[in-house]
Structure formats: structure tokens, C-alpha cells
Amino acid sequence: DIRRSQFSHPRLKAITIQQPLADATLLGLRKIEGRNYNVKVPTSEGLWLALHIGRSQDHFTNYQVMNRVRQLWPECPLVPFGRKRMGCIVGLIHIRACVPSHMCTSTWRDIPLPSSYYFEIDQVLPLPIAIHHRHSFRMWTVEESACKQIQ
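So for the sequence shown, my numbering puts the first residue at -16; every next one is plus one.
These are computed hints drawn from the structure, not numbers from a lab.
Simulated crosslink set (DSS-like; lysine-lysine; CA at most 30 Å straight-line):
#, residue 1, residue 2
1, K131, K23
2, K23, K(-4)
3, K67, K(-4)
4, K131, K67
5, K14, K(-4)
6, K(-4), K131
7, K67, K14
8, K131, K14
The following label-pair restraints were derived from C-beta to C-beta distances:
#, residue 1, residue 2, range
9, P97, R53, 17 to 27 Å
10, S27, K(-4), 15 to 25 Å
11, S119, N21, 11 to 21 Å
12, P109, R53, 14 to 24 Å
13, Y46, R(-6), 35 to 45 Å
14, S27, G65, 30 to 40 Å
15, S128, N45, 29 to 39 Å
16, P60, K23, 27 to 37 Å
17, Q54, R18, 16 to 26 Å
18, E28, S99, 17 to 27 Å
Ideal Cβ placement from N, Cα and C applies to all residues, glycine included.
Please model the entire structure based on the sequences and the hints provided.
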């Protein structure tokens, strides 16, 4: 059940995910996102977050990270595609739960690094347009102008 009010300002929050993990998430291959902080997720409705692609390309030059990614996603591009999407909100992800690391059984766990908590993602909605947006650390509020483009 998706209600437009869930994507309104200041309710809609966002997280930044670096490539290629952002695209693996958008494609539905990667159903977790690791963080070192816990988030209370309403059990009845879950939590929608905007997915922002970071500008860093560091994962593509990290052999260990890319080796693990390619084991799980053999078609992963060698370099970021859609560079114009970097620094943009490109989709919405629905978080079903936030679980401590010992409860996470996903094969994507610990990529790129071990985390204390994992968001379990059960729905992904790619946006038809990429919305340029500055980002912040942790979880941050999406600006009103961007929320209007999402609704």
C-alpha cells in the first residue's frame, strides 16, 4: 500500500548508496543495506526511503569489493554507467525491518564492509527521472522541491 503522503516533505528521508551497490539494489538483486545505526521501522507499514546515488567511484577500484559483487552479480558493469545519475535520487526503497548484523543472512552482507545493522528491503520503485540532490551523512530529509517531483 503506497500513499503519496509517505513521499511528502519533511516525512521522506533518504540514504546515499555508492555504485555499483545502488544499481544492484534498484535491480532488486541486493535486498539489504548496511548501516552502523539502528532505525525504528514501524512494523505495520515499514518505511519508505529515497535512494540517492553517491558520487564516489571507489568501489569500482576496490578489487575485494568488486570481486564479491561480481560473484553475486556477474553482469555488473566494469565502470559506473549513467554517470549523470550520480548525486541524484533515482528511486524509492521500502524497508521492512532493521535488524542487527547477527540476524542478517543475505549473501550481500558485509559488502563493502561489515555493518552493525541491516535494512531489509522488500520493495523498490525506480523513478522515471533522476533528481539532483545534495546529500548528507546517515539518513537525511529530502528537500521539498524533490519531494514534489517524486509525488
